[in-house]
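Below, each chain spelled out in residue letters.
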Amino acid sequence: MPATRRTRSAVLATLTALLLGSAGCSSGASGEPVDAAGPPRSGGTLTWAIETEPITLNPHQYAQAKARLLVWNSFEALLTHDRDGNLVPWLATGYQVAPDGLSYTVALRTDVTFHDGEKFDAAAVKANVDQLRQPGYAPAVAAVQLRNLKDVEVVDPATVRFVLTRPDVLILDFLASPQGAQVSPRSLRTAANLKAGGTDVVGTGPFVLDGYAPGQELRYRKNPAYDWAPPTAGHTGPAHLDRITYRFLKESSVRVGALTSGQVQLVEGVPATDQPLIAGNPTLRLHRELNSGSAYSYYFNVSHPPFDDVRVRRAFRDAVDVDAVLRAVYQDTATRAWSVVSPASRFYDKRFEGSYGGNPERANALLDQAGWTGRDAAGYRTKDGRRLTVRLVQSAPFVRDRRDILAQAVQAAVRQSAGIDLAVSVVDQGTATEALNGNRYEVFDNSRADTDAGAALNLLLHSQGAINRVRSRDAELDRLLDTGQATGDPQRRTGIYADLQQRVVADQAFVLPLYAPADQVAASNRVGGVGFEPTAGVPASAYDLWIGG
Amino acid sequence: MSLLVDGTSAAPTGAPGQPGVLAAPVVAGTRRGRTTSGRRTRIRPGLVAAGGFLAVVLLAVLWPAALTDVDPLAADPFAVLRPPDGAHWFGTDHLGRDVFARVVYGARHSLAIGLAATGLAVTAGVLLGLLAGLAHRIADEALSRTFDALSAFPMLLLALLFVAVAGPGTASLIVAIGIATLPHYARVARAQTLLVRRAGYVRQAVAFGSSRFRLVLRHVLPNVVGPVPVLAVIGLGEAILVASGLSFLGMGPQPPSPEWGAMLSEARNYLRVAWWGAILPGVAVTLTVVSLTVLGRHLQRRFDGRDG
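Those protein sequence lines, which keep their order, are chains V and Z. Using full-length UniProt numbering, you'd call the opening residue of the first sequence number 1 and step up by one each time. Using full-length UniProt numbering, you'd call the opening residue of the second sequence number 1 and step up by one each time.
What the hints contain is simulated information worked out from the structure, not anything from laboratory work. In this text, all values refer to a predicted model and were calculated from it rather than measured experimentally. Ideal placement from N, C-alpha and C gives every residue a C-beta, glycine not left out. Careful, some of the hints might be misleading.
Claimed, not checked - Pairs of lysine to any residue, SDA-like flavour, derived with a Cα cap of 25 Å:
(1) K250(V) - L221(Z)
(2) K250(V) - P168(Z)
(3) K250(V) - R218(Z)
(4) K250(V) - L131(Z)
(5) K250(V) - L249(Z)
(6) K250(V) - F248(Z)
What the hints assert, rightly or not - Label-pair distances were calculated between CB atoms; the ranges are:
(7) D148(Z) - N437(V): 43 to 49 Å
(8) G374(V) - V283(Z): 39 to 45 Å
(9) L115(Z) - A213(V): 52 to 58 Å
(10) G374(V) - A139(Z): 51 to 57 Å
(11) I138(Z) - G374(V): 48 to 54 Å
(12) P276(V) - V283(Z): 22 to 28 Å
(13) D148(Z) - P276(V): 50 to 56 Å
(14) R214(Z) - N439(V): 42 to 48 Å
(15) R301(Z) - N437(V): 55 to 61 Å
(16) L290(V) - A74(Z): 30 to 36 Å
(17) L156(Z) - R83(V): 50 to 56 Å
(18) S463(V) - A74(Z): 54 to 60 Å
To be verified - Output of the computed footprint for chain V on chain Z, the stretches with three or more beta carbons under 8 Å from beta carbons of chain V:
(19) 92-101
(20) 262-271
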């Protein structure tokens with residue numbers, strides 16, 4: 001095939017050498033001293049208390065940033081990110097992009113097997129992508145991450161080519177994302193409930209899923225055959241631990257209590273009020289890291305009143321003193337976000353810092369101008385007899401970091417300073433989806449831990465985005481997102497996303513950015529190898545963990 | 001007879017030093033003008049304390065501003081999780097709201113739910129019990145077995161089931177607890193009806209050709225409801241407890257409403273660093289329920305004593 005030869009001869013972006021160069025990088029471990037853990041040691045069992053129970057165990061269906069630390073135990077992607085945000089090989093050995101940007105040729109490892117004995121090869125990669133494009137299987141992935149994908153070609157057992165309809169740099173981010181993780185082709189064919197996942201949906205990772213007790217725990221055991229760790233990992237060969245159990249403890253006080261009483265050796269999601277307690281305990285260690293992706297923000301639904309009026313959107317932002325609210329809820333542990341992009345992302349634009357918010361006089365003046373001049377008995381503003389009520393519907397499986405409490409703090413702030421009634425409800429996921437799809441909300445809260453913020457913004461702001469809860473139909477925004485996706489040069493991309501942030505944050509006031517999501521892991525000092533996934537900033541998988549004797 | 005305190009009906013200005021006189025003003029405020037039965041003159045400190053506490057709770061329900069001038073919803077992000085001091089008697093919660101103001105205003109929510117639910121249960125329960133007691137055997141059996149079936153479920157579970165179907169909120173909480181506590185009153189009313197309908201005066205009224213409706217209204221009902229107020233006072237405490245429990249689970253008034261159970265729930269994750277946020281609303285619930293039970297038991301004893 002001439003196309004093949006042309007691509008092969010293209011010398012552009014043969015990153016393999018570069019990738020190997022970064023293999024010396026140590027893992028994302030936070031560098032904290034590890035006293036009682038001693039040197040890495042094989043064997044032992046750990047219990048880790050986590051805040052969020054995954055709604056699915058199938059990585060293709062992944063949607064919760066808090067579940068990311070589970071995905072990489074048993075599944076792996078073709079690529080991953082190093083600490084500087086560069087892509088490095090994992091199940092791939094390298095990739096080449098065609099000069100026209102319309103195809104990516106990926107070379108694969110040949111020594112990898114799935115947990116069920118199936119061989120990992122180009123046909124397996126194609127089977128995974130084909131499955132993702134099945135109608136109704138993973139609509140968000142098919143419509144957004146794979147929207148420019150034309151076909152996947154098996155060149156030979158160790159080479160696979162992604163052919164695109166238009167240039168799309170985000171395809172590489174997809175190859176490094178949980179949704180792009182490789183599931184055994186046999187699982188894809190025979191799993192009892194593929195979308196939910198389970199012990200019959202297997203990958204290639206260092207741990208094998210052993211059992212799942214809904215509402216209680218997930219159990220993994222070591223994969224003794226594992227020998228294909230990415231260069232970002234702290235060691236090679238099989239995992240240190242024989243077994244790891246993740247217990248779902250929703251209540252932060254229960255998690256911290258379980259750690260201090262020695263029932264578990266690791267917890268994640270340590271609230272600010274409990275952090276001094278951990279720091280003051282010599283047998284415990286606290287590790288923190290900012291997440292990449294989009295900042296935790298309130299998105300205003302502009303499809304109907306009152307937020308169809310930009311003045312009301314600005315007024316809502318000015319009614320909240322975000323710094324004060326964050327200090328109240330998180331003491332001094334939260335990092336304020338000024339833009340829709342997380343400060344941990346390479347696309348973060350500093351220009352917006354201090355440019356809005358915390359100005360009750362301006363908020364009230366804007367609301368007066370917008371016609372919300374009346375006041376009812378409870379002190380809320382009214383217009384034509386209707387109260388200025390805006391609804392925030394939070395889905396319980398996605399509530400983390402005390403975001404329900406944060407909502408109450410914002411609720412109090414907008415009520416006191418501007419007479420806005422923010423009605424907050426925490427409901428199950430079905431009810432939340434119904435309200436969001438039925439356009440029965442005015443505020444939508446979200447953060448995404450995507451490694452490439454562009455991927456998150458595509459989902460959140462593009463008029464075709466799967467979670468465009470702003471309900472914006474903004475041609476300029478679509479153009480910026482499309483250009484950002486098609487541009488390979490990082491510097492030009494930064495400029496494009498800066499324009500986009502200008503439009504979203506400053507000109508249109510579509511969002512109220514609140515804070516940069518972060519993860520906190522507290523561990524017994526007998527546990528070694530605690531770290532975060534490079535670039536993503538979420539807790540790393542259990543691969544590098546060990547427990548001292 | 002005195003419903004609340006034995007021994008005296010003295011005016012608040014009575015001579016100090018006399019136990020009976022001291023106790024009276026505290027309680028007399030709620031039920032003034034009742035004359036003493038004179039049967040017992042011994043003061044019950046527990047009863048006085050219970051009555052006194054309930055008087056304060058009643059004041060908080062009717063006129064909360066008399067107890068605090070702080071807005072229970074006003075959050076101060078710069079005064080979060082402050083321990084109790086002169087400015088904030090009960091400290092502040094995780095949003096910097098005054099816990100004392102929230103406990104005071106919370107009385108209205110908690111008590112209103114308890115009262116409304118108990119009222120609903122008493123009204124519906126007595127009517128259904130009366131119906132069962134007077135009805136044909138088959139209807140009586142059907143109603144009685146329904147009460148049995150409802151009683152077989154723990155009260156909290158039954159209420160939880162209803163709220164799960166009807167959705168959270170104050171109104172559904174009231175109906176839920178009303179339904180869950182209804183069999184209690186219905187059974188008593190039915191038993192009383194069976195007793196009364198065989199009584200001589202009823203037979204006599206029948207013999208005199210009294211109409212069925214008049215018979216029930218004039219002769220049966222008044223004698224059936226006798227023990228119900230006593231039960232209702234004890235039941236009220238129980239209803240408040242269940243209401244707080246359901247609110248704790250997020251089934252009741254939604255934030256930022258200050259409801260005792262909901263406050264407990266919100267504060268539980270801060271228990272380690274700020275005990276006052278959870279303990280003090282908890283104490284309010286406990287004292288209210290204990291006071292109502294003390295009062296109810298006392299009324300029960302008096303009622304039984306009169307009857308027996």
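* Asked: Against the structure shown, which of the earlier numbered hints fail to hold, in ascending order?
  -> Going through the list in order, the structure violates hints 1, 3, 4, 9, 11, 14 and 18 and respects the others.
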